[in-house]
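Residues per chain are reported as follows:
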Amino acid sequence: MSSSAVEPESPDLVCQLDKVQGVVDALTSVRWKRHQDAVVELSEHGIVLIVEETACLQAKVYLQRELFVRYEYSAEGRPRFGVSLGLFVDCLNTFSVPGHSSAIEICYPGPDMQLLLKSVDSSGACTYAEIRTRIPDTISWDYNFEPAGSTPLSFTVKSAALKEAIDDLEWPGSSIHLILQPTPPSVTFRGEGHGDLQIDFMCYANTDLLVAFHCDRQVSHRYKYKFLRATTSNIPSSVIRDNRGSKLTIGRGGMLKVQHLVSVAKPAMPHPHIDSAGYQQPSRIAYIEFFVKPEFDDDGANDT
Amino acid sequence: MKFRAFLTDNGVNLLDKRFLPALDKMGKICYLYLTRDHVYFLHNLLNGDGIQSIAQFRIEALFDEYRISSQNDDRISFTIDLSLLHRALRSIISIYTEFSASHGGDPVGDSAPNRLQIKLVKKLPPHSQQPMPFLTLEAKGYRSAVIQDVPISKPLSRSDVLELQAALDMAQDLPQTLIRVPDMHQLQNFVDRMKNVGDVLNVSISKYGDLHLQVSTTLITLGAEFRKLLVIGEQAESPTGDQNLSAQSRTRIALQRGDAMMVQVSVKHFFKSLQCHLAKPDCAFYGIALQGACLTVIFQFFIPGTHQTDKAISLHCRLPVLDPGSS
Numbered sequence: 001m002s003s004s005a006v007e008p009e010s011p012d013l014v015c016q017l018d019k020v021q022g023v024v025d026a027l028t029s030v031r032w033k034r035h036q037d038a039v040v041e042l043s044e045h046g047i048v049l050i051v052e053e054t055a056c057l058q059a060k061v062y063l064q065r066e067l068f069v070r071y072e073y074s075a076e077g078r079p080r081f082g083v084s085l086g087l088f089v090d091c092l093n094t095f096s097v098p099g100h101s102s103a104i105e106i107c108y109p110g111p112d113m114q115l116l117l118k119s120v121d122s123s124g125a126c127t128y129a130e131i132r133t134r135i136p137d138t139i140s141w142d143y144n145f146e147p148a149g150s151t152p153l154s155f156t157v158k159s160a161a162l163k164e165a166i167d168d169l170e171w172p173g174s175s176i177h178l179i180l181q182p183t184p185p186s187v188t189f190r191g192e193g194h195g196d197l198q199i200d201f202m203c204y205a206n207t208d209l210l211v212a213f214h215c216d217r218q219v220s221h222r223y224k225y226k227f228l229r230a231t232t233s234n235i236p237s238s239v240i241r242d243n244r245g246s247k248l249t250i251g252r253g254g255m256l257k258v259q260h261l262v263s264v265a266k267p268a269m270p271h272p273h274i275d276s277a278g279y280q281q282p283s284r285i286a287y288i289e290f291f292v293k294p295e296f297d298d299d300g301a302n303d304t
Numbered sequence: 001m002k003f004r005a006f007l008t009d010n011g012v013n014l015l016d017k018r019f020l021p022a023l024d025k026m027g028k029i030c031y032l033y034l035t036r037d038h039v040y041f042l043h044n045l046l047n048g049d050g051i052q053s054i055a056q057f058r059i060e061a062l063f064d065e066y067r068i069s070s071q072n073d074d075r076i077s078f079t080i081d082l083s084l085l086h087r088a089l090r091s092i093i094s095i096y097t098e099f100s101a102s103h104g105g106d107p108v109g110d111s112a113p114n115r116l117q118i119k120l121v122k123k124l125p126p127h128s129q130q131p132m133p134f135l136t137l138e139a140k141g142y143r144s145a146v147i148q149d150v151p152i153s154k155p156l157s158r159s160d161v162l163e164l165q166a167a168l169d170m171a172q173d174l175p176q177t178l179i180r181v182p183d184m185h186q187l188q189n190f191v192d193r194m195k196n197v198g199d200v201l202n203v204s205i206s207k208y209g210d211l212h213l214q215v216s217t218t219l220i221t222l223g224a225e226f227r228k229l230l231v232i233g234e235q236a237e238s239p240t241g242d243q244n245l246s247a248q249s250r251t252r253i254a255l256q257r258g259d260a261m262m263v264q265v266s267v268k269h270f271f272k273s274l275q276c277h278l279a280k281p282d283c284a285f286y287g288i289a290l291q292g293a294c295l296t297v298i299f300q301f302f303i304p305g306t307h308q309t310d311k312a313i314s315l316h317c318r319l320p321v322l323d324p325g326s327s
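Residue numbers (the numbering used here), protein chains in the order written: chain Y, 1 to 304; chain C, 1 to 327.
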């Protein structure tokens with residue numbers, strides 16, 4: 001059952017996912033507002049979805065080809081198209097009705113450059129969708145992340161702890177200082193606004209929280225709270241419950257990179273029946289990256 | 001104008017666990033319409049813009065010793081707030097069951113003094129000079145007695161009751177083709193998610209037993225097709241080779257051949273109609289009325305333990321169509 005009547009040429013991409021929920025989770029993580037335009041880039045390695053907030057925040061979701069049970073790529077170059085992220089997520093979500101097989105086929109482009117989705121299931125019910133795509137906006141490339149020096153400045157923290165810390169910083173709000181120092185090895189989030197709040201992750205005290213830590217000199221940068229919050233606030237609770245590590249790296253110029261891992265192999269909700277593909281494969285992880293630009297102290301205030 | 005009856009255990013269970021939760025989703029306020037033989041809960045029957053729901057019970061499905069009298073051919077109707085009625089009923093039930101339990105778990109039979117009485121009364125509410133009508137529920141417990149007064153509207157005038165009865169008669173016609181919904185719960189989940197994508201739902205129903213739901217906006221078309229469902233009424237053989245077509249093409253061809261009808265309804269109305277599964281029907285059928293006047297959903301209730309329709313209970317909804325010209 002094809003949802004488009006005529007397909008004169010072979011599409012750039014036909015791929016198949018056996019469970020849609022993990023991808024919904026991954027895309028939901030970068031959905032920080034209701035109306036958000038995304039750019040999707042296809043390649044032989046997989047699908048990358050990019051969203052950004054003008055000149056402050058960018059997020060990328062990497063869906064590698066290994067996540068798909070079938071991935072047939074036949075385009076020259078790397079086709080890109082724009083799509084409404086909210087609509088794409090809401091639409092994918094209709095394919096993940098509990099108690100129902102949620103295997104889907106994704107195809108691009110349709111006869112009118114649409115993104116085509118349809119359920120792959122033979123029980124006499126078929127779900128399909130055609131999402132209109134746009135000519136993509138240009139992606140700003142000034143998010144190119146470069147290491148700040150010869151040694152990396154990074155730490156890995158449990159996702160739930162990171163989210164909790166950032167949620168707590170809502171109270172002081174406005175801008176947040178992130179300080180990494182080698183002695184004693186620690187990470188500090190400090191908010192100064194309506195009040196002061198400082199949250200420290202001490203490397204030796206919290207080995208179960210702070211999984212890894214690399215820092216050879218003290219660094220301190222300031223980030224707008226609302227952008228810092230966007231890096232964790234939309235991660236679905238089922239993913240937070242998984243509680244994998246989130247890795248934060250500070251690059252040249254204070255650019256902050258936040259990386260999360262989302263498992264796409266197992267269903268987010270417990271299923272009464274586990275099919276044979278229900279076991280978790282190690283490679284079936286979607287990668288999510290946020291890039292947050294630091295606030296510059298052009299007014300010179302509040303900087304130490 | 002008098003009404004007095006005793007709610008049976010079965011009636012209490014039907015209202016408390018099944019029908020009041022379902023009907024409350026249709027709208028807080030409804031008409032309660034009492035006649036010599038039937039009790040009706042009616043939503044939006046006299047104003048055309050909402051989803052109409054008609055729940056009908058034979059007296060013996062809910063009541064014992066039912067007494068009704070009015071100068072209008074023993075018919076009484078008024079509006080009532082369903083959530084208030086449900087709250088009052090639940091409070092009464094706690095006392096009622098406490099008493100039944102204290103009598104060695106004996107079900108309360110005709111001889112037992114404790115029964116759940118329901119009646120129409122006029123009372124003077126606090127700080128008021130004007131007596132107001134109430135539907136009163138009353139039960140005696142082991143240590144206490146409870147009376148719950150549910151405020152109701154003034155009873156409908158004779159002409160309003162006639163109008164209500166006429167609207168009720170009008171709402172009884174059956175679509176020519178009805179198809180059985182495969183899994184209401186699953187469909188409800190699906191439509192719940194569809195609500196985020198668009199507001200208008202195209203519903204097409206074919207004589208082959210295909211149900212096709214589609215939301216279409218300038219940015220997205222999202223649809224689901226359910227095939228080979230059970231058909232009641234007019235049916236037809238699906239044309240050979242149509243299994244290789246897309247859902248949209250199949251529907252288009254069926255419409256051209258006059259084997260299908262399509263209407264547009266509000267996604268929210270459709271979702272509401274699915275919430276009737278709270279009344280625990282045994283199956284549900286969708287059909288499009290003649291000339292696409294409305295989308296009808298009929299819920300079927302079996303006599304417990306059988307596959308025979310329980311004729312004492314019936315529930316159906318009529319969803320207004322958004323574009324009556326297209327069919």
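Simulated from the structure, these hints should not be mistaken for laboratory data.
Just so we're clear, the structure is a prediction, and the values are computed from it rather than from any experiment.
Just so you know, not all the hints are guaranteed correct.
Unchecked claim - Cut-off 27 Å, straight-line C-alpha distance, at most; resulting in silico cross-link-like pairs (DSS-like, lysine-lysine): (1) C:Lys-268 / Y:Lys-33; (2) C:Lys-140 / C:Lys-25; (3) C:Lys-268 / C:Lys-154; (4) C:Lys-154 / C:Lys-119; (5) C:Lys-195 / Y:Lys-33; (6) Y:Lys-33 / Y:Lys-224.
As the list claims (entries may be wrong) - Ranges between beta-carbon positions, derived for each pair: (7) Y:Gly-82 / C:Glu-237: 44 to 50 Å; (8) C:Glu-237 / Y:His-45: 27 to 33 Å; (9) Y:Asp-168 / C:Phe-302: 51 to 57 Å; (10) C:Ile-253 / Y:Asp-168: 58 to 64 Å; (11) C:Asp-49 / Y:Ile-135: 53 to 59 Å; (12) C:Gln-172 / Y:Gly-82: 24 to 30 Å; (13) C:Ala-166 / Y:Gln-16: 41 to 47 Å; (14) Y:Asp-137 / C:Thr-217: 17 to 23 Å; (15) Y:Gly-82 / C:Val-200: 43 to 49 Å.
Think of the CB as a built atom: it goes at the ideal place given N, C-alpha and C, for glycine as much as any other residue.
Here is how each hint holds up against the structure:
1. A C-alpha spacing of about 24 Å is found between Lys-268 (chain C) and Lys-33 (chain Y), which places the hinted pair at or below 27 Å, so the restraint holds.
2. As the CA atoms of Lys-140 (chain C) and Lys-25 (chain C) are separated by approximately 31 Å, the hinted pair breaks the 27 Å bound.
3. Using a Cα cut-off of 27 Å, the hinted pair Lys-268 (chain C) and Lys-154 (chain C) is violated, with the two alpha carbons roughly 31 Å apart.
4. Proximity of Lys-154 (chain C) to Lys-119 (chain C) is assessed by CA-CA distance (about 15 Å); at most 27 Å being required, the pair is judged to hold.
5. Proposed proximity of Lys-195 (chain C) and Lys-33 (chain Y) is supported: the alpha carbons are some 18 Å apart, at most 27 Å.
6. Simply put, Lys-33 (chain Y) and Lys-224 (chain Y) have alpha-carbon atoms about 16 Å apart, close enough for the 27 Å limit, and the pair holds.
7. For the hinted restraint 44 to 50 Å between Gly-82 (chain Y) and Glu-237 (chain C), the CB-CB distance of approximately 45 Å keeps it satisfied.
8. Between Glu-237 (chain C) and His-45 (chain Y) the CB atoms are about 49 Å apart, so this pair departs from the stated range of 27 to 33 Å.
9. Between Asp-168 (chain Y) and Phe-302 (chain C) the beta carbon distance is about 55 Å. The supplied range of 51 to 57 Å therefore holds.
10. Between Ile-253 (chain C) and Asp-168 (chain Y) the beta carbons are some 60 Å apart, a value that agrees with the proposed interval 58 to 64 Å.
11. Between Asp-49 (chain C) and Ile-135 (chain Y), the C-beta spacing of about 41 Å breaks the proposed range 53 to 59 Å.
12. At roughly 52 Å, the beta-carbon separation of Gln-172 (chain C) and Gly-82 (chain Y) lies outside the given 24 to 30 Å, and the hint is violated.
13. Checked against the hint of 41 to 47 Å, the pair Ala-166 (chain C) and Gln-16 (chain Y) fails, with Cβ atoms roughly 56 Å apart.
14. In this structure, Asp-137 (chain Y) and Thr-217 (chain C) meet the distance hint of 17 to 23 Å, their C-beta atoms being roughly 21 Å apart.
15. Between Gly-82 (chain Y) and Val-200 (chain C) the CB atoms are about 25 Å apart, so this pair departs from the stated range of 43 to 49 Å.
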